[in-house]
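Trainee: Below are the chains, spelled out letter by letter.
Number of protein chains: 2
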Amino acid sequence: MNAIIITIGDELLIGQIINTNQAAIARKLNAAGVAATRMLTVGDEMGAILGAFREGWSVYDVVIATGGLGPTHDDITKKAVCTFFDTTLESRPELRLHIAELIRKRGIPWRVSYEEQALFPVKAGVVPNPLGTAAGIHVQEAGKHFFVLPGVPYEMQEMMDATIAPFLASLVTGSVIRHRTLRTTGASESMLAAEIGDVQGFLNGATLAFLPSPTGVRLRISVQDANPGEADRRVSEIEATIRSKVSRFIYGVDEEEIQAVLGALLRARSLTMAVAESCTGGLIASRITDIGGSSDYFERGVVTYSNRSKEELLGVSSALLDRDGAVSESVAIAMAEGVRRASAADIGLSTTGIAGPTGGSAEKPLGLVWIGYADASGSFARRFLFGDQRLRVKERASQAALEIVWRRLMGL
Amino acid sequence: MNAIIITIGDELLIGQIINTNQAAIARKLNAAGVAATRMLTVGDEMGAILGAFREGWSVYDVVIATGGLGPTHDDITKKAVCTFFDTTLESRPELRLHIAELIRKRGIPWRVSYEEQALFPVKAGVVPNPLGTAAGIHVQEAGKHFFVLPGVPYEMQEMMDATIAPFLASLVTGSVIRHRTLRTTGASESMLAAEIGDVQGFLNGATLAFLPSPTGVRLRISVQDANPGEADRRVSEIEATIRSKVSRFIYGVDEEEIQAVLGALLRARSLTMAVAESCTGGLIASRITDIGGSSDYFERGVVTYSNRSKEELLGVSSALLDRDGAVSESVAIAMAEGVRRASAADIGLSTTGIAGPTGGSAEKPLGLVWIGYADASGSFARRFLFGDQRLRVKERASQAALEIVWRRLMGL
Numbered sequence: 022m023n024a025i026i027i028t029i030g031d032e033l034l035i036g037q038i039i040n041t042n043q044a045a046i047a048r049k050l051n052a053a054g055v056a057a058t059r060m061l062t063v064g065d066e067m068g069a070i071l072g073a074f075r076e077g078w079s080v081y082d083v084v085i086a087t088g089g090l091g092p093t094h095d096d097i098t099k100k101a102v103c104t105f106f107d108t109t110l111e112s113r114p115e116l117r118l119h120i121a122e123l124i125r126k127r128g129i130p131w132r133v134s135y136e137e138q139a140l141f142p143v144k145a146g147v148v149p150n151p152l153g154t155a156a157g158i159h160v161q162e163a164g165k166h167f168f169v170l171p172g173v174p175y176e177m178q179e180m181m182d183a184t185i186a187p188f189l190a191s192l193v194t195g196s197v198i199r200h201r202t203l204r205t206t207g208a209s210e211s212m213l214a215a216e217i218g219d220v221q222g223f224l225n226g227a228t229l230a231f232l233p234s235p236t237g238v239r240l241r242i243s244v245q246d247a248n249p250g251e252a253d254r255r256v257s258e259i260e261a262t263i264r265s266k267v268s269r270f271i272y273g274v275d276e277e278e279i280q281a282v283l284g285a286l287l288r289a290r291s292l293t294m295a296v297a298e299s300c301t302g303g304l305i306a307s308r309i310t311d312i313g314g315s316s317d318y319f320e321r322g323v324v325t326y327s328n329r330s331k332e333e334l335l336g337v338s339s340a341l342l343d344r345d346g347a348v349s350e351s352v353a354i355a356m357a358e359g360v361r362r363a364s365a366a367d368i369g370l371s372t373t374g375i376a377g378p379t380g381g382s383a384e385k386p387l388g389l390v391w392i393g394y395a396d397a398s399g400s401f402a403r404r405f406l407f408g409d410q411r412l413r414v415k416e417r418a419s420q421a422a423l424e425i426v427w428r429r430l431m432g433l
Numbered sequence: 022m023n024a025i026i027i028t029i030g031d032e033l034l035i036g037q038i039i040n041t042n043q044a045a046i047a048r049k050l051n052a053a054g055v056a057a058t059r060m061l062t063v064g065d066e067m068g069a070i071l072g073a074f075r076e077g078w079s080v081y082d083v084v085i086a087t088g089g090l091g092p093t094h095d096d097i098t099k100k101a102v103c104t105f106f107d108t109t110l111e112s113r114p115e116l117r118l119h120i121a122e123l124i125r126k127r128g129i130p131w132r133v134s135y136e137e138q139a140l141f142p143v144k145a146g147v148v149p150n151p152l153g154t155a156a157g158i159h160v161q162e163a164g165k166h167f168f169v170l171p172g173v174p175y176e177m178q179e180m181m182d183a184t185i186a187p188f189l190a191s192l193v194t195g196s197v198i199r200h201r202t203l204r205t206t207g208a209s210e211s212m213l214a215a216e217i218g219d220v221q222g223f224l225n226g227a228t229l230a231f232l233p234s235p236t237g238v239r240l241r242i243s244v245q246d247a248n249p250g251e252a253d254r255r256v257s258e259i260e261a262t263i264r265s266k267v268s269r270f271i272y273g274v275d276e277e278e279i280q281a282v283l284g285a286l287l288r289a290r291s292l293t294m295a296v297a298e299s300c301t302g303g304l305i306a307s308r309i310t311d312i313g314g315s316s317d318y319f320e321r322g323v324v325t326y327s328n329r330s331k332e333e334l335l336g337v338s339s340a341l342l343d344r345d346g347a348v349s350e351s352v353a354i355a356m357a358e359g360v361r362r363a364s365a366a367d368i369g370l371s372t373t374g375i376a377g378p379t380g381g382s383a384e385k386p387l388g389l390v391w392i393g394y395a396d397a398s399g400s401f402a403r404r405f406l407f408g409d410q411r412l413r414v415k416e417r418a419s420q421a422a423l424e425i426v427w428r429r430l431m432g433l
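Taken in order, these protein sequences are the chains called B and V. Sequential numbering from 22 applies to the first sequence in the numbering used here. Sequential numbering from 22 applies to the second sequence in the numbering used here.
By construction, these hints were calculated from the structure, which means they are not laboratory data. What you are looking at is a predicted structure, and each value in this text was computed from that prediction instead of being measured. There could be a bad hint or two in this list.
Copies of the same chain are indistinguishable here, so a pair counts whether it falls within one copy or spans any two.
The calculated DSBU-like cross-link candidates involving lysine-lysine, where the alpha carbons are at most 35 Å apart (straight line), are [what the hints assert, rightly or not]:
{"hint": "1", "residue 1": "LYS266", "residue 2": "LYS126"}
{"hint": "2", "residue 1": "LYS165", "residue 2": "LYS144"}
{"hint": "3", "residue 1": "LYS126", "residue 2": "LYS100"}
{"hint": "4", "residue 1": "LYS165", "residue 2": "LYS266"}
{"hint": "5", "residue 1": "LYS126", "residue 2": "LYS144"}
Please take these sequences and the hints and turn them into a complete structure.
Mentor: Structure, rendered in structure tokens:
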């Protein structure tokens, strides 16, 4: 069973928003055993929308389109569906009721635009939208399925999870596709490729993809097989082969972020941690606290942007700041030790650097970052160069800092 | 001059990575006066790639494809270009030299895979890639242009900025498209639509798009005109009409984030700010410090996840924490006042809430957040409900907190 994902919106064509819906739908289809083999994006223009519908419906078993179901004048997808399937709109009492209930809970008065939201193509079935006013559309013909969902990401995702993915999964027969992704940090794509060596020797028809990102390269294994158990077995076999070559770079699998892996390690060993950030500006704390339950091991974070705050909150001496400057090995160590001491946490972590876009010098260039680490056995700092783009420096420095703690805990 | 953007990669089709390249290319094309009217994504499969090339090249003036130029076995785009344009690969000495120079600077030894990176289609011109080893491909036929760029985002973006966008801009003649986006916060799409009212009365052929996001709705005005000056004038006229109806929700234009607008206000008034975060976990500090030069007005942030840290760093009394609980109006106010006092900043801002996924109760449900504010004239806290998804709670709470400071400074 194959699928095309059609996303609709001028904002996508001019690059004003990033198309996260496409990826979210693809992930959910894939998990349901449906292969999306094409993604298409067109603008809010009737001819382009109808063209995309025709192209998708003539080739694919499943068409999923999103966007243009909202209450404003630029939302024309519902009309396109009526034209395409030669039907008209009717007011659906159950949709009117749902909308009334939804806005009552939010204390919003009834508006004329809600009447339009209750209009629905006669031929179509409703995909309930528990989180919003625009219902999803489902047309079924000759064993093929056509869906239109609202473009609001969390509404669309809820509808995929609650209704569409389970429905499609129930229809899927034949071979399954299994994926596993090994997440690495601290190695380049070329380095990993060289250490893994010839892949055809162990893949036997499976695929291995190298996916670089600023925080590390992911290695994705994919196996297709008629037998789900056999597919799982082969994925595990290939994983073991790759781990035997590059395990020291692999911190997690699939969607696991390093902050989740690190959190689980801290929890298992009953350790606590505190962070003192200068150039990362709170990003490390924010990543750690993205994980539910992080209050069990994350004692505190401080964002010490000013020298004064480094002195007051971390006990870094003004003499040291004067002598070596805020961006230095000695200050990074003093910050890590200082936040550990002040918080009584087991581990102290720190960053100090020049995130840019200004402030670099020949001796201390833009992108220079010192990362400090302290625990009961001692402390140290490491020096990095992360380039001249502010947000990239923050991102890469936060990753390197979390990697340092992970490597210490793993004994790597 | 119209364009299609083709992105290539199995990782996109299974939704493993979000297609940021598509949006980045679209934005740069649009700024150069080239309208991308279709985006297409296909997998790492020769038939699908060639099909996409055929489809694009037969209809569009400009085809831009990315992905599959890397050094590993799953990168087959270069071969597809040779098949499509009926040519072969040759080793280019200038590419070999560039690669050698690049890896020398990074202290990486020469690998066999670099020989392959220096192979290039005979018929094609080189688009230089200063940041990476994979050169871009440019084929020109009958006034049409076919480009292939590597999929690594920052390499691709640099090549668009330095070479392709200026080249295409020099070819563009005819009508221009001008956009302006007004960024709002604190109002729903329906509320804005109702207050703006009938748009056809003032658009006169221009378009106005409503773009909802978790942090607010953006209103995008687009005008096409043969005369650039006239297009600019009409954009400004429509902007003025919209502002006359909903100005109290508009904090910025185009790519301005609220943290940038707020930062400019603080700087202009020589005010400083400090933040005490519980449930947002450092996200507010990280957003503020995403802005270059924020050290001028951001004195410090503290992430006080534990009660102990609230007492030690903010002087919140244990009696208050016992009586009202950490998630309460009184503690939010005490935190804002505490961080203001400790830092001697002009403004103190705080968050305390239940981000989930566990910890809610009937009285204090998941998603309950108190945001505290303190300045020389006094202090207050406001109560919010942000739902039951941890990352969404963090995101929405950070936005609401920044909005509170912005509204105070603007006197709204």
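Trainee: Determine for every hint whether it applies to the structure shown.
Mentor: We went through each hint and held it up to the structure:
no.: 1; hint: LYS266 <-> LYS126; result: between (56 Å within a copy, 27 Å between copies)
no.: 2; hint: LYS165 <-> LYS144; result: within (15 Å within a copy, 43 Å between copies)
no.: 3; hint: LYS126 <-> LYS100; result: within (29 Å within a copy, 58 Å between copies)
no.: 4; hint: LYS165 <-> LYS266; result: neither (45 Å within a copy, 46 Å between copies)
no.: 5; hint: LYS126 <-> LYS144; result: within (31 Å within a copy, 64 Å between copies)
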